[in-house]
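A.B. asks: Order-wise, the sequence lines are chains C and W. If you're matching positions, the first sequence starts at -1 in the working numbering and goes up one per residue. If you're matching positions, the second sequence starts at 13 in the working numbering and goes up one per residue.
In case anyone wonders, no lab produced these hints; they're calculated from the structure. Where is the CB? At the ideal position from N, CA and C, for every residue including glycine. Hints should not be assumed to be uniformly reliable.
Covered, in the sense of this in silico footprint (three residues per stretch, anywhere, with C-beta under 8 angstroms from a C-beta of chain C), are these stretches of chain W [said to hold, decoys possible]:
{"id": "1", "stretch": "69 to 77"}
{"id": "2", "stretch": "87 to 99"}
{"id": "3", "stretch": "157 to 164"}
{"id": "4", "stretch": "170 to 177"}
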Amino acid sequence: MKEARLSKRHTGVESLERRLFLKQSLSIGAISLLAGCEITSDERVQEVLEGMSRWNDRAQGWLFDPKKLAPEYPESMITRPFPFNGYYPESDVRIIDETDYKLQLGGLIKEQKPWRLPELYALPQVSQVTRHICVEGWSAIGKWSGVRFSDFLQRVGADLTAKYVGFNCGDDYYSSIDMATALHPQTLLAFRFADQILPPKYGFPMKLRIPTKLGFKNPKHITEIFVVNDNPGGYWEDKGYNWFSGN
Amino acid sequence: MANWVKVHPLVVRITHWINALAILVMVASGWRIYNASPLFESFTFPEALTLGGWLAGALQWHFAAMWVLALNGLVYAVYGIVSGHFRRKLLPISPGAVVRDLSQALRGRLAHDDLSMYNAAQRAAYLVLILALVVMILSGLAIWKPVQLQALAALMGGYEGARLLHFFAMSLVVFIVVVHVVMVALVPRTFPTMITGRLRRSS
């Protein structure tokens, strides 16, 4: 008898507990939602996140195998139409004038004579059908042809022991990569997309094609290449995207 | 006379709460990353439930919290195997017992007399949760490093296959977590035991 009463009271307490628990979880949820908007912009939080991103640069550098090749696909798997992507809409694509164009070289490079397009086109070229992976998550398969970037760097006498290669572009974009990735056999200074001279939307007159990095690390409309030991950053990288961004 | 029963060992309690926080951050930031390029065109997550503010912020959270999730998960897994915690708490498990306990639970008739023992429905739920987390981590690694870890990526159905798998594993994890929290709300005396580790046994 006593036991039954006890258990009944126990149930009453339990349902009260239950309601309190639900109420508390709801308010914790509401607080964390409100905090969620603010927490990322907090200076100390931002510092920790930036620190973790630099740590992730190092971890990815260690994980990067300079001999490991990105998978290649049959031409039948090429994504058509291949998506346009940039920091501006497709209607704002820069048209680079072929006759005035010169590729400038700078930094730790011995022969800094600018290159004209016909000279670049005359270099030995290779092709690849690889997957372009965007930082947003989508991917598309494309075919790029051009000169192996490692061949080009050797030809112009770049200091291959330097840490970074930086790029300035005709659309005011800029980016930079680590030397190990620059020397990867699939990293191309690409002049063609799907066997056609690169159209403006894919980066005329040239883009750096790096299948071991995310799409935004593949600069288009390159006008200057320089070799340095201080990280030059990049357009998206300086806004908070991870610098290494390897695949 | 009341006596205390030990329900959850210290390692399990610490790793449980670190894991809960890591999962919350991974899911909320993952939802913001999903929204940048939705797998299913007509479906996006409400921005208010996401973390990071924009894609770069969400990626920073996701790739910071992944280390917490992985290291904490490693401690939990090693402890669970070496100490016999997994074997003691999650085994044996038979399909018949799971069906029986599940149907009793759905009718609200499952007894919770001994909280130091998991019933078959709990065992199944926790095992599936652990498996879903393993799939989530492996598919996540395949998305992060589809070239360096291309053997793993191939196992996960390639880059695009891994994205789908990552999404479905996340959905399963979120579903089990929601059920888990509802169950704790229904049997509130289980809540403090995950903090103190002890349960007062009324005799």
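A.B. asks: Name the hints, by number, that the structure is in violation of.
C.D. replies: 2
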